[in-house]
Amino acid sequence: MGSNLDQLREALGEVSDLQEAFRVLAWDQETFLPAGGFEGRGVVLSTLGRRAHDLFVSDRVTRLLEATEGEVSSLDPGSDEASLVRVTRRDQERDRRIPSELVGEMATASSAAAPVWREARAKSDFAMFAPHLARNVELSLRRAEAIGYESRPFDALLYTEPGMTTSQLEVIFAGLKESIVPLVKKIAGKADAVDAGCLHGDFPEAPQLGFVNTVIERLGFSFEQGRMDISAHPFMIGMNPGDVRLTNRVSRGLVTMAIFGGIHESGHGIYGQGISPALARTPLWDGASNGVHESQSRLYENLIGRSRPFWKHWFGELRALFPEQLAKVDAEDFYRAVNRVEPSLIRVEADEVTYNLHILLRFEIENDLLEGRLKVEDVPEAWNAKMVEYLGVKPPNDAEGALQDIHWSFAGELAGFPAYSLGNLMSAQLLAAIRNDLPELDGQVEAGEFGPLLGWLHERVHQHGRKFTPAELLLRVTGQELDASYWVAYAERKFGDIYGLN
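In terms of my numbering, the sequence shown opens at residue 1 and continues consecutively.
The set of hints was computed from the structure by calculation and includes no laboratory data.
Where hints are given, some of them may not hold.
Taking lysine to any residue pairs in the SDA-like style, the calculated list, with each CA pair at most 20 Å apart, reads [claimed, not checked]:
#1 Lys375 - Met128
#2 Lys394 - Glu364
#3 Lys177 - Lys375
Start from the sequences, fold in the hints, and give me the full structure.
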C-alpha cells in the first residue's frame, strides 16, 4: 500500500474515470445520439453522476484527505501535491452537502431538457420548453440550498468562479454598462463607416470548415489529441489530456459563424490540451474557473482572431477559397467588417462592444428567477423588454430571443453566463501582460507565428489547471487583481480607430 497521497490519487482517479465516461456520453448526446436514445441516455448519465458523486464524498476520500493534509503541510502551497489536497478539500466540502439523489435528478433533467430545447427553438415555442426551465430553477434552488448561502442563491451557484459573489458581479456589470452604452451611441452615429456586406453570401460549408480547422491547428490545437464535430450549439469538452473535443456550427450564408465559433472553441481546447498531464485524473485537471476558461476562448476569438494583424495573415487564404464572394474586398475591409458594431439579437453573433450587455440581460433574468421576482412563463416578455432597453432591438420570435442558448437545459446550473463577461475582462488584462513580454506580438501574428503566444499561455496559465483561484492566477500572471479598465481601454482604442472616434 502506498502513501496516503498515493491512495488519495488512486481514489480520485476512480472518480475521474467515472466523470470521463459521463462526459463522453454527454458529448455523444449533443453530436450523434439518435432521437430515440435520449431517455435511456438520461438514465445512464444519472447513474454515472450519482456514482461519481458518492465516491468523491465517501468516507474513504474524507479520511485520506485528513491523513494527507499533514503530509503536504510543509510543501509549497503552489506545489501539485498541496494544491491537490487544498482544492479537493474545497470541492468535497461543497459536494458533501449535495444529496446523491439531487445529482441524479439533475443529470436526468438535463438529458430530458436538451432535445426539447432543440425542438422548441426550431419551432420558436418557449411554452414547449418552459416546464424544463421551471425544473431547472427548482433544481438550481435545491442545489443552492444544499450548498448554503447567506442571502443570494446565485452566490452558492457561483462555485465555478471561486471568490466571486453576486454583489461583486452587480458592481462589475454596472461599471461596464456605464462605459459601453456611451461608446455604442458614439459608434451608432458613424454606423455607415463599416460595411459588413462581404460576410454574407453563398459560402459552401466544406471549404469553410476546412479553413477553420487549418486556422485552429496553426493556433495550437492538436488534432492528434482532439477533434471537431458539428452540433446545434458549439462547445468544448475535455475527456483527458489526449482527448479534448470541440464542436462548431456553420452557415452557408454567413462566413464568420464557423470561423469565430471554431476559433472560440479552440481557445478552450488549447487550454485543455495545455494543462499539465501530471494533473490528469485529479480535480486539478480543468480550467481555474469558467471565467478563466472563457478568457482563453475570448482572447483567441476576439483579441487575436478579430485583430488587424490576424487578417493580414489569413485573408489571402480565405479569399483563395472564395474568390468570387470576396473579390471586391481586401484584408483591411474584412478586418473592419468582422468588427462592425451593431446591436443584434443573438449573443454568439454579437460584436465585442455589445456582447457584455447580452450577458448582463441573462444575469439579471437568472437572478430574478432564483430570487422569485420573475416567473418562468414571463421570461420571454422580460427578455424582450431588456433587449429593447439595453440594445434597442426586439426579438421577433422566441428562437431569436429567450430560446437561443442551450444553457438553460443544464439542470441545476443556473449561473453560468457571467463567466463570459469575466472572461472578456480577464482576456484584456492578460493581453496587456502578454504584450509586455512579447512586444513583437503583432508582427508574429501577422507572420502566422503563433508559437510564442501559445508558449506564453501554456507556461503562465494553462499548465496550472485548477491549482490557483482566478484571483490568485491573475495576480501571479499580471501582478494585479481583476481590473475592468483594461477591457474598456482596449475597446475604446480599437473601435475608436475603426470608427474614427479618436
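Checked hints:
no. : hint            : verdict
1   : Lys375 - Met128 : holds, 15 Å
2   : Lys394 - Glu364 : holds, 17 Å
3   : Lys177 - Lys375 : violated, 25 Å
When held up to the earlier numbered hints, the structure conflicts with hint 3 and nothing else.
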